[in-house]
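As given, the protein sequences belong to chains A and B, one line each in that order.
Every number in the working numbering is 33 more than the matching position in the first sequence, counting from 1.
Every number in the working numbering is 33 more than the matching position in the second sequence, counting from 1.
FYI, nobody ran anything at the bench for these hints, they're computed from the structure.
Just so you know, these numbers come straight off a predicted model, no measurement behind them.
Check the hints yourself; a few may be wrong.
Copies of the same chain look alike in the list, so a pair counts if it works inside one copy or between any two.
Stated by the list, open to error - Computed cross-link-like contacts, DSBU-like style, restricted to lysine-lysine with a CA-CA straight-line distance of at most 35 Å:
#1 K201 / K82
#2 K120 / K201
#3 K214 / K119
#4 K174 / K220
#5 K238 / K174
#6 K82 / K214
#7 K214 / K59
#8 K87 / K214
#9 K220 / K87
Each chain, written out:
Number of protein chains: 2
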Amino acid sequence: MGISHLISIVGAGPGDPDLLTVKAHKRLIEADVILYDALMGGEILELAKPEAIKLYVGKIYNDWQNQEERQNSIYSLFLHWAGQNKKVVRLKTGDSMIFGRGAEEIRFCKENSLNYEVIPGITAGIASSSLFEIPLTERGKNSMVLFHAGHRENGKFTDLELITNVLKTGSPVVIYMGLNKLSDMAKALSRAGIENTIPIQVLSKISQSDEKGYETTIGGVAEFLQQNSPETPSIIIIGKHVVRI
Amino acid sequence: MGISHLISIVGAGPGDPDLLTVKAHKRLIEADVILYDALMGGEILELAKPEAIKLYVGKIYNDWQNQEERQNSIYSLFLHWAGQNKKVVRLKTGDSMIFGRGAEEIRFCKENSLNYEVIPGITAGIASSSLFEIPLTERGKNSMVLFHAGHRENGKFTDLELITNVLKTGSPVVIYMGLNKLSDMAKALSRAGIENTIPIQVLSKISQSDEKGYETTIGGVAEFLQQNSPETPSIIIIGKHVVRI
Chain A
34 MGISHLISIV GAGPGDPDLL TVKAHKRLIE ADVILYDALM GGEILELAKP EAIKLYVGKI
94 YNDWQNQEER QNSIYSLFLH WAGQNKKVVR LKTGDSMIFG RGAEEIRFCK ENSLNYEVIP
154 GITAGIASSS LFEIPLTERG KNSMVLFHAG HRENGKFTDL ELITNVLKTG SPVVIYMGLN
214 KLSDMAKALS RAGIENTIPI QVLSKISQSD EKGYETTIGG VAEFLQQNSP ETPSIIIIGK
274 HVVRI
Chain B
34 MGISHLISIV GAGPGDPDLL TVKAHKRLIE ADVILYDALM GGEILELAKP EAIKLYVGKI
94 YNDWQNQEER QNSIYSLFLH WAGQNKKVVR LKTGDSMIFG RGAEEIRFCK ENSLNYEVIP
154 GITAGIASSS LFEIPLTERG KNSMVLFHAG HRENGKFTDL ELITNVLKTG SPVVIYMGLN
214 KLSDMAKALS RAGIENTIPI QVLSKISQSD EKGYETTIGG VAEFLQQNSP ETPSIIIIGK
274 HVVRI
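Isolated chain A (complex conformation) (with noise of 0.2 Å):
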């Protein structure tokens, strides 16, 4: 293996070009291949040079391929790019060490004494507070917040009682990927005691030319969500004070 190559995990932020971080957008625009795996708008990867190769790697929604035969298929190309001593860019929507699996390819690049690096990226639930100006902590309200991924088992949905027991605080919880969930999560809050005043934001596309903030509540989900048709990616919060400033 040439010593030339490097492999960069890039967290790209939420979309917009302009929250790439400096180093990530250096990266970019020096890259010879892009494995990217979020249909993030396109105009990150147009920041790459005309020959740079893109390769989509990610998931199509329903596909028939499992993930760790799509995981294989990356590692086969970050060995196959690396022996080619080439530059590689790993591109992540938000950052990848949550809800991103980085951890995965980083020991992998460890394993296989690759050439790598980890840059960091705005996650998509701080970027989502900036932009629609909603406070996650604020000071004399709450000193606290949760990220959750939302999941479910055996048709429940994890650590629910956990998350009642920091919105019962006051502190807001992010749920991320959680469009599909929001329904469900809000009735088995509110059965859980959650007040139906509960404010929740719904924040769609976030730093896109399409993005679009909703605002709801526990007991106004099902109504909100007939009249609404939030697009995904979206990221939710809930709790007491996660209202727009």
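Knowing the structure of chain A, use the given hints to seat chain B on it.
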């Protein structure tokens, strides 16, 4: 008030100028006035024009000035420089909406019809995860992360039961501004039933040239602090899986 002023409330990220966003970098280069509060190495401030006015408006350890007075003096500066049609960058470490008091300053700008914008940044908890290769979430291991200010009230940590319950699921807790509370926090968690072997990462001055990462455990904190003196600011990450890859 002229319309050519702009107040940019900028999350600067952890300190490395390369981890500024492209947008924050642009604003810093063009700024007439920079109001900064964290001593984040000088490198970010060096990006400014030579003639830019740089004013430290932050807290000095144990200083006499109360928070309200300090905040009011920042607002006076907003009004003063906006009145002079200047480009003002209000620079905050990390992101202004999480443990950053951005909300209050946004509210002031709104109420006073100032022309402002909010630019998100990489919060220290996220940055430290990538920089030290400590995954915050990982498939099959955990699906949430709690960010907490580690506040105390009447001598007791707020939300201690909740923090304990998050740790018991195997998910991590990220404590901001936690260095001087580390010893008490570890004891309190141990009393609450968290195993002494659970790892703790102490990540000091992240992304700066003298950054340093330390590893200890719930049971090892007392000895660790006898042998090491991590510098502030430090981020503390506690959790079953928070080991460096």
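Verification of the supplied hints:
1. K201 / K82: This pair counts as neither: shortest intra-copy Cα distance 50 Å, inter-copy 47 Å.
2. K120 / K201: neither (48 Å within a copy, 41 Å between copies)
3. K214 / K119: neither (41 Å within a copy, 46 Å between copies)
4. K174 / K220: This pair counts as both: shortest intra-copy Cα distance 25 Å, inter-copy 26 Å.
5. K238 / K174: both (28 Å within a copy, 28 Å between copies)
6. K82 / K214: Answer is neither: 39 Å inside a copy and 49 Å across each miss the 35 Å cutoff.
7. K214 / K59: neither (37 Å within a copy, 39 Å between copies)
8. K87 / K214: within (32 Å within a copy, 47 Å between copies)
9. K220 / K87: Intra 42 Å, inter 51 Å, cutoff 35 Å: neither.
This entry does not satisfy hints 1, 2, 3, 6, 7 and 9, going by the numbered hints stated previously.
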